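From first to last, the protein sequence lines are chains F and C.
Read in order, the letters of the first sequence correspond to residues 1 to 696 in full-length UniProt numbering.
Read in order, the letters of the second sequence correspond to residues 1 to 337 in full-length UniProt numbering.
No lab work stands behind these hints: they were computed from the structure.
You may find that some hints are simply not true.
Each computed DSS-like pair below joins lysine-lysine, with the alpha-carbon atoms no more than 30 Å apart [claimed, not checked]:
| no. | chain 1 | residue 1 | chain 2 | residue 2 |
| --- | --- | --- | --- | --- |
| 1 | F | 117 | F | 17 |
| 2 | C | 233 | F | 17 |
| 3 | F | 132 | F | 180 |
| 4 | C | 233 | F | 180 |
| 5 | F | 137 | F | 180 |
| 6 | C | 90 | F | 137 |
| 7 | F | 209 | F | 619 |
| 8 | F | 137 | F | 117 |
| 9 | C | 90 | F | 117 |
| 10 | F | 486 | F | 470 |
| 11 | C | 76 | C | 108 |
| 12 | C | 37 | C | 90 |
If you're wondering where the values come from, they're calculated on a predicted model, not measured in any experiment.
The primary structure of each chain is shown beneath.
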Amino acid sequence: MSAPPAPDGLLVLDHVKVEYVSSVGAVTAIPDLSITIRAGESYGLVGESGCGKSTLLMAIMGYLGPTGRIANGRIVFDGADVSAADPASLARIRGRGCSIVYQDPNAALNPTLTIGKQLIEVPMLHEGVDAKTARAKARQILTDVHLPDPDAVLDRYPHQLSGGQKQRVVIAMALLANPKLLLLDEPTTGLDVTVEAAVLDLVNELREKYGTTLLYISHNLGVIAKVCDRVGVMYLGDLVEEAPVHELFANPRHPYTRRLLACVPRLDTDKHTTTFLPIPGQPPSLAGRPRGCSFGPRCAGFDAPRCGVAPIPEEPAGPGHGVRCVRWRELDQFEKTDAEHVAPATPGVEQVMRSADLSKVYDLGNAFMGFGSSRQLIANEDLSFQANKGEILAIVGESGSGKSTFARILAGLQDASAGKLMVLGDDLSRMPAHKRTLEQLAAVQMVFQNPDATLNPSHTAGFSIGRALKKFGIAQSRKDLDARVKELFGMVRLSPHLARQRPGRLSGGQKQRVAIARAFAGDPKLLVADEPVSALDVSVQAAIVNLLLQIQARNGATIVFISHDLALVRHLADRVVVMYLGRVMEMGPVSSIFSPPYHPYTEALLAAVPVPDPTVKQKHLRLEGEPPSPINVPLGCRFAARCPRKLGPVCDETPPPEQAAPDGHMIACHIPVAVLARVTPIFQRVQTPAGAANPS
Amino acid sequence: MGGYIIKRGASLILTLFAASFLVFAVTEFSPSNVARKTLGPFALQSQVDILYEKLGLQDPLAVRYTRWLGVLLGLKADPLQDPALGLQFKDPRGDKYFGNFGYSTLYKAPVNDVIWSRLKATAALAGIAFALIVPLSLLFGVLAGMREGSGLDRTISVFGIIATSVPEFASGVFLVAFFVVTLGWLPGTSPLDSGGGWPIWSQMILPVTVLVLYDAGYVVRMVRGSMAEVMNKAYIRTAVLKGLPMRDVVVRHAVRNAMIAPFTVILLQINFLISGVVVTEMVFAYPGFGRMILDASLFGDIALIEAATLIALTIAILTQLVSDVGYAVLNPQIRLA
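Required output: the full structure, derived from the provided sequences and hints.
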């Protein structure tokens with residue numbers, strides 16, 4: 001941080017200030033930031049959205065757009081000042097010196113050029129080689145990032161590759177000119193967990209191979225723990241804490257870091273033992289930067305005379321550990337990890353939802369006027385499970401596993417093709433929402449993934465909820481409506497005056513609270529939550545999860561929680577269903593899913609989860625290839641093609657038996673349960689390096 | 001691709017049938033009838049009635065449509081040319097051949113004698129205009145959209161708006177006032193006839209200028225919008241941060257993507273230039289296709305209207321086919337099936 005630029009600093013940010021200038025004046029995105037990244041190290045920057053991570057990245061690349069500017073300080077890369085570079089030297093730095101791996105590989109590649117064309121222009125530009133040599137280089141680098149059949153990939157267009165393959169291409173493109181520094185901007189956000197793990201493996205492998213220095217930006221502490229040596233934590237453009245990775249996770253010294261870690265779901269705790277500790281309030285806008293400590297207004301230990309006057313200087317809190325908090329020594333006095341315990345609901349025995357052999361098949365009538373071969377997409381097949389009153393049933397699986405299809409059938413947005421779906425005694429499998437009675441509609445409600453898209457932008461938050469109340473006949477008069485809306489806002493911990501705001505004025509977390517209030521307006525018996533927190537920042541996610549648990553504890557609703565985040569599922573679910581390509585692979589109580597015996601697919605999923613704890617060692621287990629397409633699925637076990645423990649032809653030809661294990665645990669696999677049980681657990685705590693204690 | 005074009009060809013023929021029938025049906029509601037129009041306003045009602053009967057105009061719509069179709073396909077003789085009627089309507093090609101659009105009651109000549117010369121005249125106008133509109137719009141659109149909000153962008157955008165919002169009759173009159181009346185450099189009318197002392201090429205300049213100003217202003221704005229959108233895409237950032245110079249970013253990465261959206265719009269201009277430039281043709285007394293359609297419609301010359309409709313429709317569908325194929329060429333994510 002404030003350490004003088006070390007001679008071996010490859011990238012030195014020296015009191016950098018970044019502003020965005022508009023017609024109303026300048027807004028400071030980064031007030032005063034200093035970081036030194038040494039050659040060969042892997043530095044991680046964590047922070048929630050809006051903390052200035054991406055701005056910093058673009059400042060390093062000299063690409064702040066027409067409104068951004070470096071108002072103060074220097075960014076020195078490999079001895080050259082980027083902030084003062086002319087276009088020619090900037091072009092030399094870009095690509096050659098440092099290159100970027102972008103967040104969304106779908107958007108980062110040009111859709112109208114083949115992969116080959118996009119790759120070969122890098123060596124042609126930076127090394128001046130001819131097209132043939134460049135193509136050979138591109139081919140080599142595609143082999144290095146483990147893309148099968150590189151020659152074919154070179155001739156393909158981006159849309160002909162999967163998301164994971166595209167991200168490998170983007171990494172290959174970044175590495176082509178042998179950069180000294182590789183900037184990674186959330187490179188695995190949006191990828192499936194097994195693909196994410198493979199990409200992170202690749203990053204680590206390439207780092208060893210090429211000795212590239214990494215600056216890794218992420219909001220995901222688990223990913224940071226996996227690939228970084230040193231970590232900086234950003235809040236509102238300030239670097240509030242910086243430490244070696246083990247030290248940071250073991251001894252967080254800044255209240256923000258500590259809260260952030262307390263919001264992250266872990267695999268060794270659950271809702272019964274731990275409650276997330278969300279950060280109160282929301283980050284202020286850049287224009288409304290508080291005086292003194294930027295985290296002050298949200299900090300439990302804010303002490304105006306000490307924290308709210310001048311910018312907080314950095315203090316050393318250990319070897320290589322710096323923190324910008326005047327009260328870091330008193331942290332334990334005001335930061336309590338068990339501040340508010342949420343007592344979760346106890347599942348009852350009364351059955352609320354039961355699916356029996358539920359299937360959904362899409363006919364892809366492709367051809368012209370019915371000619372040609374018709375194909376079938378099997379989205380759900382023979383789903384049989386149940387959820388009881390007050391229970392949280394989690395459905396996990398990667399994209400294409402059919403979990404959202406099930407949610408849509410449950411909510412009446414789609415019809416099932418076969419089987420039954422009993423909800424409170426009625427079969428809803430082929431009853432779309434418009435055919436359901438008011439009671440049936442009110443009983444099953446849904447919370448969606450993207451709160452921005454689910455609220456009508458032209459209606460106020462209160463109106464959306466009021467309409468649900470009216471529709472379900474819960475309140476009619478203006479006065480009743482207002483009172484009930486106010487009550488619901490109180491339930492989701494929103495200030496009632498927000499009821500008059502349109503969604504555009506609300507933050508993501510607030511919008512999701514409104515969506516939850518709307519879902520609970522009709523007092524549902526069954527809430528279908530389809531990835532309700534995956535679009536939210538970790539601290540907001542923690543608050544929403546706590547809220548769901550609180551509401552459930554009070555009204556005893558059953559929740560079907562659909563998620564790809566296994567750590568989160570570990571935290572809040574009572575029972576878990578693991579799906580792959582439309583079929584149930586394994587299901588059972590949450591603790592039995594996360595310990596042996598595992599279904600081989602679950603085992604691979606767990607091995608891929610990024611654990612936000614560098615002291616936990618995961619068994620190394622990676623799946624080959626990508627999930628196959630759900631069109632024309634194999635006859636036998638769906639997972640057979642990628643299964644690391646495949647027995648032989650029996651797996652391809654015969655559907656696996658549904659084997660019972662203790663505690664209502666079911667594993668659909670040809671390998672006997674007793675054999676499956678003889679594996680080492682995925683997660684093991686390793687000896688922590690010297691100087692780092694256990695997480696507090 | 002081959003199958004795709006056959007499929008589109010089949011749908012073209014179907015559309016032509018449907019459209020020609022619709023035009024036939026709509027003219028039912030126009031006052032007067034073919035017999036009256038053929039004989040003129042001073043003919044006796046009894047003469048009209050005789051012709052009415054001889055032409056079989058009392059037959060149901062479907063029968064008459066089939067008859068017209070038979071004439072077009074060369075299966076039946078054109079009834080108007082029957083010497084027994086004494087009308088002296090004569091087509092040098094004979095009265096029974098494929099592509100016989102019949103006899104124009106307005107021009108008192110075979111439709112084929114009237115329509116192709118008009119189409120040729122308009123095609124010349126449209127072709128020159130289109131050949132100027134496309135490169136100009138692409139150039140200025142890309143230049144403007146390349147740096148959104150720059151001085152160049154604003155200048156081009158303002159000129160584009162002005163050019164496209166001045167109606168053709170106004171810009172036509174302005175240009176005539178300046179180049180014809182004040183300077184005397186160019187002819188004020190364009191009858192495509194060098195008898196007045198002005199060579200044909202000089203008669204094309206003003207109509208073409210009016211069309212280019214009016215249409216390019218619009219297309220420039222389309223291209224500019226698309227280009228500006230593309231320049232904000234993440235893959236353009238990727239290209240810039242690869243270290244590519246701005247020229248390569250624009251030429252290699254942006255332009256092709258920016259062409260995708262306006263491509264259809266650009267090809268639609270062909271239809272406009274063929275049948276929608278009535279105003280310009282009127283201002284310059286240009287013997288064009290659009291003016292002919294207008295006259296035929298006002299007169300109720302059904303044979304001519306039918307022929308013009310079929311031709312305009314064929315052009316429209318063919319440009320659409322070209323635009324779909326071109327779209328697939330530009331955008332590899334589209335596959336034609």
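Status of the hints after comparison with the structure:
no.: 1; hint: F:117 with F:17; in the structure: violated, 37 Å
no.: 2; hint: C:233 with F:17; in the structure: holds, 26 Å
no.: 3; hint: F:132 with F:180; in the structure: holds, 25 Å
no.: 4; hint: C:233 with F:180; in the structure: holds, 26 Å
no.: 5; hint: F:137 with F:180; in the structure: holds, 18 Å
no.: 6; hint: C:90 with F:137; in the structure: violated, 75 Å
no.: 7; hint: F:209 with F:619; in the structure: holds, 23 Å
no.: 8; hint: F:137 with F:117; in the structure: holds, 12 Å
no.: 9; hint: C:90 with F:117; in the structure: violated, 64 Å
no.: 10; hint: F:486 with F:470; in the structure: holds, 15 Å
no.: 11; hint: C:76 with C:108; in the structure: holds, 20 Å
no.: 12; hint: C:37 with C:90; in the structure: holds, 17 Å
Hint check: violations occur at hints 1, 6 and 9; the rest are consistent with the structure.
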